[in-house]
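Colleague: These are the residues of each chain, in order.
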Amino acid sequence: MIANAPELPYVDIAQQHLSIKGELMEAISTVLDHGQFILGKELEKFEGQFAELCSTRFAVGVNSGTDALVLALRVLGVGPGDEVITVPNSFIGSVACIKLVGAKPVFVDVGEDYNMDPNQLERAITTKTKAILPVHLTGRPADMRSILAIADEYDLIVLEDCAQAVMAEYRSRRVGSFGDCSCFSLHPLKTLSACGDSGIIVTDNEEHYEQLLILRNMGLKSRDDCFYWSSNSRLDSIQAAILLVKMKYLHEWTEKRRKHAAFYRESLKDLSEIEVPNELPYEKAVYHTLMIQTTRRDALKAYLDKNGIGTSIHYPVPIHLQRVAVNLGYEAGSFPAAERQAKQILSLPVYHNLIPENLERIVQMIKQFYKQ
Amino acid sequence: MRVPFSYLDRQFADVDDYLADIKQLVLTGDFTLGTALDEFEMQFARISGMPHAIGVASGTDAIIYSLKALDIGPGDEVITTPMTFIATVGAIAMTGATPVFVDSNDDFLINADKIEECITSNTKAILPVHYAGNVADMTTIKNIAEKHKIYIIEDACQAIGASLNNLQVGSWGEAACFSLHPLKNLNVWSDGGVIVCRSQQLADKLRLMRNHGLINRDEVVMFGGNSRLDTVQAVVGNRLISQTQWITEQRITNAHYYDKSFADISEINFPPRRLNAKHVYHLYMMRAERRDALLEYLINKGIEAKIHYPIPVHLQKAAKHLGYKTGDFPKCEVDCNQIISLPAHQHLSDAEISYTIDSVRRFYCK
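Residue numbers (the working numbering), protein chains in the order written: chain A, 1 to 372; chain B, 1 to 366.
Some clues are possibly wrong.
[Claimed, not checked] To be clear about the criterion: a stretch of chain A counts as covered by chain B if any three or more of its residues have a C-beta under 8 Å from a C-beta of chain B, and this derived list gives those stretches:
| # | region |
| --- | --- |
| 1 | 106 to 113 |
| 2 | 266 to 278 |
| 3 | 295 to 307 |
[Unchecked claim] In silico lysine to aspartate or glutamate, DMTMM-like type, Cα no more than 20 Å apart, as pairs:
| # | chain 1 | residue 1 | chain 2 | residue 2 |
| --- | --- | --- | --- | --- |
| 4 | A | 190 | B | 30 |
| 5 | A | 301 | A | 255 |
| 6 | B | 317 | A | 207 |
| 7 | B | 331 | A | 224 |
| 8 | A | 259 | A | 279 |
| 9 | B | 317 | A | 210 |
| 10 | B | 320 | A | 225 |
| 11 | A | 269 | A | 339 |
| 12 | A | 343 | B | 218 |
[What the hints assert, rightly or not] So, partial list: chain B residues that the calculated Cβ filter (under 8 Å) puts toward chain A:
| # | residue |
| --- | --- |
| 13 | 5 |
| 14 | 24 |
| 15 | 33 |
| 16 | 34 |
| 17 | 57 |
| 18 | 90 |
| 19 | 144 |
| 20 | 146 |
| 21 | 148 |
| 22 | 150 |
| 23 | 222 |
| 24 | 223 |
| 25 | 225 |
| 26 | 232 |
| 27 | 311 |
Since the hints were made in silico from the structure, they are not lab data.
Ideal placement from N, C-alpha and C gives every residue a C-beta, glycine not left out.
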C-alpha cells in the first residue's frame with residue numbers, strides 16, 4: 001500500500017473544469033449579455049459543429065439523452081403496438097424511452113464487446129418489430145455492419161444510442177452516422193458534457209430534422225402555430241455556450257482516454273484473472289468507461305476502495321431484472337452474457353486528466369490484489 | 001424610445017454575484033440534483049406555502065409529470081381551457097389523455113360554471129390555468145372537483161404569488177405547476193419548472209419519476225424519464241427568489257397605473273378587477289378595438305406589445321383530431337381577436353410606462 005496516497009476518485013468533474021474555468025465563465029457571461037436563454041445562436045452554432053463532428057447533415061439539441069431517444073422514436077413513428085429491440089445491459093434511459101412512447105422493449109443478449117450480439121438479433125424479430133436500438137456501450141461501437149444488414153433485410157428502423165460514444169468510429173465512420181437517427185447524451189459525466197442535463201440528436205434526413213425542431217419546442221412551427229402536441233425539450237443556450245468551449249478540447253480528451261485505455265491493456269495483459277477490453281482493427285473506441293471483467297469483482301472493488309481508488313459498476317443489475325421490468329416477461333437466465341458480465345464488470349478511472357503516476361498507482365494496486 | 005417586452009438585459013445588469021455562485025458550483029462539479037437544488041426547492045416550497053416543491057426541466061414537464069404521477073393517461077379526460085399557451089394542452093396530450101375544453105370567461109380564465117356539463121365518467125382532472133397571472137375561480141372549481149371526486153392540477157406557470165381569498169395559487173389542488181422560463185416573473189436562465197404538492201407520497205413519486213425512476217444509483221422501480229431542474233439554474237433561482245415579492249408588487253403597480261390611464265378609453269376593455277383576487281400580471285392583457293392596427297402602431301413606436309395568443313388552442317392544427325371547430329368557444333375566439341399585452345415588467349421606467357400610455361392614447365386620439 002502506498003502510504004498517505006491521496007484519494008483517487010472514480011471521476012472528478014470539478015478537476016476537469018479547473019483548467020477551462022475562465023473560458024466557461026466568459027461563455028456564460030456572453031449569453032447573459034444578450035439574454036437569449038432559449039434556442040438562439042450558441043445552440044445553432046453548437047448543432048452545426050456537432051453535426052459536422054458526426055458526419056451527419058443535421059443536429060438538434062434537446063434537454064437530455066433520454067429526451068433525445070424519446071423524440072427520435074416519436075419522429076421515427078414508433079409508438080403503441082410496436083416493438084423495439086435493444087440490449088438489457090445499458091443505462092435505464094435506453095429502455096425507458098421505448099416505454100415512454102408506448103412501445104414494447106424487446107431485449108437481445110450482448111457479446112463480449114458488451115454490445116448487441118447480432119447473431120441473436122434475428123430471432124427477436126417479430127411482425128411487430130419496428131426498430132433496432134443498438135447501444136455503443138462504454139464508447140465502443142456496436143457491430144453496425146451486421147445490425148444494418150439485418151435491419152435492411154427486415155425493413156427496420158435503426159436508432160443508435162450513442163450516449164457514451166461521441167467520436168467513436170466503426171470501419172472509419174463515426175457512430176451517429178449509421179442510424180436513421182442517433183442520440184447522444186451530454187450529461188456532466190460524459191466526455192463531451194454540459195454543466196447540467198443535455199442531449200442531442202443527429203440525422204441525415206431533412207424531414208426528420210424539421211420535425212424534431214418542432215417536437216422539441218412544444219410542437220410549435222412558429223410562435224403562434226402548433227402542428228403537433230409535444231413537450232418542451234430544448235438544449236439551454238448557456239449549456240450550448242459551455243459545450244462550444246469544450247468542443248475545442250474533445251479530440252484531445254478523447255485521445256487521452258484512448259491512451260489511458262491502451263496503458264491499462266498493456267500493463268494488465270499478463271494478469272490472467274482480468275480481462276481488459278480489446279479493440280478490433282476496424283474499431284475506434286472512446287472509453288466513456290473502461291470496463292474490465294474479473295470473477296473476483298467485489299473483492300477487487302473493495303480492495304481498491306480501501307486503498308483510496310474509486311471505481312464504479314455500469315451496471316450491477318441488468319435492466320430485465322429491474323423491478324420496473326417485471327411485466328416484460330423476462331427472468332434470471334434470459335440473457336446469460338449480460339447477467340454474467342453484470343457480476344464481473346468493474347469500471348476503472350479513465351478520465352482525460354488522470355496523470356500517469358495515478359494510472360501507474362491503479363495498475364500496481366490491481367496487481368498487488370492478485371498477488372495476495 | 002424602445003420599450004422592450006423582455007427585461008433580461010436589465011435583470012442582469014449586475015451579474016457578478018450570480019457568476020461568483022456559478023463559479024463555486026463549477027468548482028464542485030455538482031451539476032445534477034444536489035444541495036443547491038435542495039435549497040431552491042425548500043425556498044420555493046416556503047414562498048408558495050406548500051410542504052413540497054420538486055424542480056423539473058420546464059413548466060411543461062411540470063404538468064406532464066404531475067398528470068402522470070396521478071396515473072392520468074390514455075382513456076382519461078382532462079378538462080382545461082383553450083385560452084392558454086399551447087403547452088398546457090400539449091402536456092395533457094403527451095400523457096395520452098384527451099384534453100377537453102371549456103370556454104373562457106371575461107377574465108380570460110376557464111369559465112367554472114361550464115365545467116360540470118363537460119364531466120364524463122372518463123374525467124380524471126380539471127386543469128385550470130391561472131392565465132396571465134390571474135387566478136381562476138378556484139372556489140367553484142374546488143367544489144366541482146370534490147363533488148365528482150376528480151383531481152385539480154393547477155397550471156400556475158404564469159402565476160407565482162397570485163392568490164384568491166388570500167389562498168395562494170398552488171394550494172388548491174393535488175399538484176400545481178410553475179414555470180421558471182426566462183420571461184416569467186420568477187425566472188432562471190434557461191427552461192425550468194417546479195411542481196408543488198401537499199402529499200408526501202406524491203412528492204416522493206415525482207422525485208423518482210424526474211430521475212429515471214431510480215430509487216438509488218442502480219435500482220429502477222418505475223419508468224420515469226429525465227427532467228431535473230439544472231443545479232446551475234437552481235443557483236440562479238436561489239438568488240432571484242428573494243425578489244419575488246418585489247417583482248410582483250412592481251408589476252401590480254404598473255398594471256394599476258395602466259388601468260387608471262386607460263379607464264376613459266372606451267375602445268379598451270380589461271377584465272373585471274376582482275377584489276378577492278391577487279393578479280400578478282405576468283401579462284398585462286386587455287381587449288382593444290382595432291387590435292391589429294394598435295399592435296402595428298405600438299411596434300412602430302418601439303413598444304414591444306404582443307398577442308398571447310392569436311389562435312385559440314382548439315383551432316390549432318395539432319388539435320384537429322379532437323374534433324372542435326370555429327364557434328365552439330365563442331368567448332375565447334372573440335377574445336383572441338381583441339387581446340393585446342403591453343410590457344408591464346418590473347424593470348420598466350416611469351418614462352417608458354408614460355410613453356406606452358401616451359402612445360396608446362394617441363392611437364385612439366385621446
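Colleague: Could you run down the list of hints and mark each one as holding or not?
Modeller: Hint check:
1. 106 to 113: Coverage by chain B is violated here, the residue count being 0 at a Cβ distance below 8 Å.
2. 266 to 278: violated (count 0)
3. 295 to 307: Check failed, 0 qualifying residues.
4. A:190 x B:30: 14 Å, holds
5. A:301 x A:255: 26 Å, violated
6. B:317 x A:207: Cα-Cα ~18 Å, so holds.
7. B:331 x A:224: 19 Å, holds
8. A:259 x A:279: Roughly 13 Å separates the two Cα atoms, so the pair holds.
9. B:317 x A:210: Roughly 16 Å separates the two Cα atoms, so the pair holds.
10. B:320 x A:225: 13 Å, holds
11. A:269 x A:339: 24 Å, violated
12. A:343 x B:218: At roughly 13 Å apart (the allowed maximum being 20 Å), residue 218 of chain B and residue 343 of chain A satisfy the hint.
13. 5: This interface hint is violated because 12 Å lies over the 8 Å limit.
14. 24: 10 Å, violated
15. 33: 10 Å, violated
16. 34: 11 Å, violated
17. 57: Hint holds; residue 57 of chain B Cβ to chain A Cβ min 5 Å, cut 8 Å.
18. 90: Holds, because the Cβ-Cβ distance from residue 90 of chain B to chain A comes to roughly 5 Å (cut-off 8 Å).
19. 144: 26 Å, violated
20. 146: Hint on residue 146 of chain B: violated, closest Cβ of chain A at ~29 Å, above 8 Å.
21. 148: Violated. Min distance 25 Å.
22. 150: Hint on residue 150 of chain B: violated, closest Cβ of chain A at ~22 Å, above 8 Å.
23. 222: 6 Å, holds
24. 223: 4 Å, holds
25. 225: Holds, about 6 Å.
26. 232: 5 Å, holds
27. 311: Check passed: Cβ of residue 311 of chain B comes within 6 Å of chain A, closer than 8 Å.
Checked against the numbered hints listed earlier, the structure breaks hints 1, 2, 3, 5, 11, 13, 14, 15, 16, 19, 20, 21 and 22; every other hint is satisfied.
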